[in-house]
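**Q** Sequence:
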Amino acid sequence: MYWLPDPDLYKPWLRSRIRDGRGVGQGVHYKGWFNVRDVPSRGNAHVYWGTKIPRQFHLLSDPEAIRFLQHERDPSVLDILDNLPIFDIDWTVDACVFLGLRHRYEDGYPAPFTLDFVVKREVEKSALYFAESIKVPEDAADEDIRLRLSVESNWCRVRPKIPYELIDTAPYFDATRSKDTHKRLLSTLEFMRAWHLLHYEPNTQRELRFERAFAKQYERNMPLEELNRNIARAMRVPVSLVSDMFRFCSWHDRIPVSLKHPLALHLPVVLRQS
-16 MYWLPDPDLY KPWLRSRIRD GRGVGQGVHY KGWFNVRDVP SRGNAHVYWG TKIPRQFHLL
44 SDPEAIRFLQ HERDPSVLDI LDNLPIFDID WTVDACVFLG LRHRYEDGYP APFTLDFVVK
104 REVEKSALYF AESIKVPEDA ADEDIRLRLS VESNWCRVRP KIPYELIDTA PYFDATRSKD
164 THKRLLSTLE FMRAWHLLHY EPNTQRELRF ERAFAKQYER NMPLEELNRN IARAMRVPVS
224 LVSDMFRFCS WHDRIPVSLK HPLALHLPVV LRQS
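Going by this note's numbering, the sequence shown runs without a break in its numbering and finishes at 257.
To be clear, the hints were calculated from the coordinates, so they are not data collected in a lab. Only a predicted model underlies this, so the values are computations on that prediction, with no experimental measurement involved. Note that the Cβ used here is the ideal one computed from N, Cα and C, for glycine as well. Honestly, I wouldn't trust all of these hints.
Simulated restraints, written as ranges between beta carbons of each label pair [to be verified]:
#1 Ile128 - Asp236: 27 to 35 Å
#2 Glu184 - Pro120: 39 to 47 Å
#3 Arg192 - Ser109: 34 to 42 Å
#4 Val220 - Leu130: 17 to 25 Å
#5 Gln256 - Leu191: 19 to 27 Å
#6 Glu184 - Leu248: 20 to 28 Å
#7 Arg255 - Asp151: 42 to 50 Å
#8 Pro37 - Ser170: 18 to 26 Å
#9 Ala124 - Pro239: 42 to 50 Å
Model the full structure from these sequences, guided by the hints.
**A** Pasting the structure below:
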């Protein structure tokens, strides 16, 4: 499910942004309806260059960033459309009237609702689309926000007929629900994903050697930095290469790193319990 790139198919006040590629197309040619400069931020917006789809992704909150990184790690995900607009303006205006909501306007014109993500997945050898909204638990419980989410979910059900889910972000936070506890999960995902920023070139045979060396050298209380040095000596390769291979293999879940614990060079690596 995606919008065709012909501006003449849409409301006149939307066309200038559509000509810029906003909200239309798919894959590397897609641009989100919003970017981080369009929306006021509390310092938790993120811009990533995609590992699956080589383009910029603009994530407007930490929970959106976490969900995006989860999608990037998922081998079944084929495409990720962030901030996808609902250009079916007449439908959303009518839905808001029915629910007693005020439709959002910009410069005197109705502005499109946006879906945080529309993800294309391979499911039993078929490519299927799934829509998602990302809200922290406090926002998800807000009555006005839930009504607006119902506009999105009903549109997905009635018009493109694709599944819609409000993602439960509570697992992003620890049991104390203290402020910013989700940042530990985000930091762990970004630490692993750094193989992409460091331009690591995958090599299957070398990574198999690394995985065997990791299994032999791993100790529960050994800091990652020391573990990398030991593996580098055993493999007779630079420590920097071992560090990149660790990030790559953990990102692709070839090393079962626990996401419930912080990950950094000065800390021990905690593995998931089998």
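**Q** It remains to establish, for every hint, whether it holds in the given structure.
**A** Against the structure, the hints come out as follows:
no.: 1; hint: Ile128 - Asp236: 27 to 35 Å; verdict: holds (33 Å)
no.: 2; hint: Glu184 - Pro120: 39 to 47 Å; verdict: holds (41 Å)
no.: 3; hint: Arg192 - Ser109: 34 to 42 Å; verdict: holds (36 Å)
no.: 4; hint: Val220 - Leu130: 17 to 25 Å; verdict: violated (57 Å)
no.: 5; hint: Gln256 - Leu191: 19 to 27 Å; verdict: holds (24 Å)
no.: 6; hint: Glu184 - Leu248: 20 to 28 Å; verdict: holds (22 Å)
no.: 7; hint: Arg255 - Asp151: 42 to 50 Å; verdict: violated (20 Å)
no.: 8; hint: Pro37 - Ser170: 18 to 26 Å; verdict: holds (24 Å)
no.: 9; hint: Ala124 - Pro239: 42 to 50 Å; verdict: violated (34 Å)
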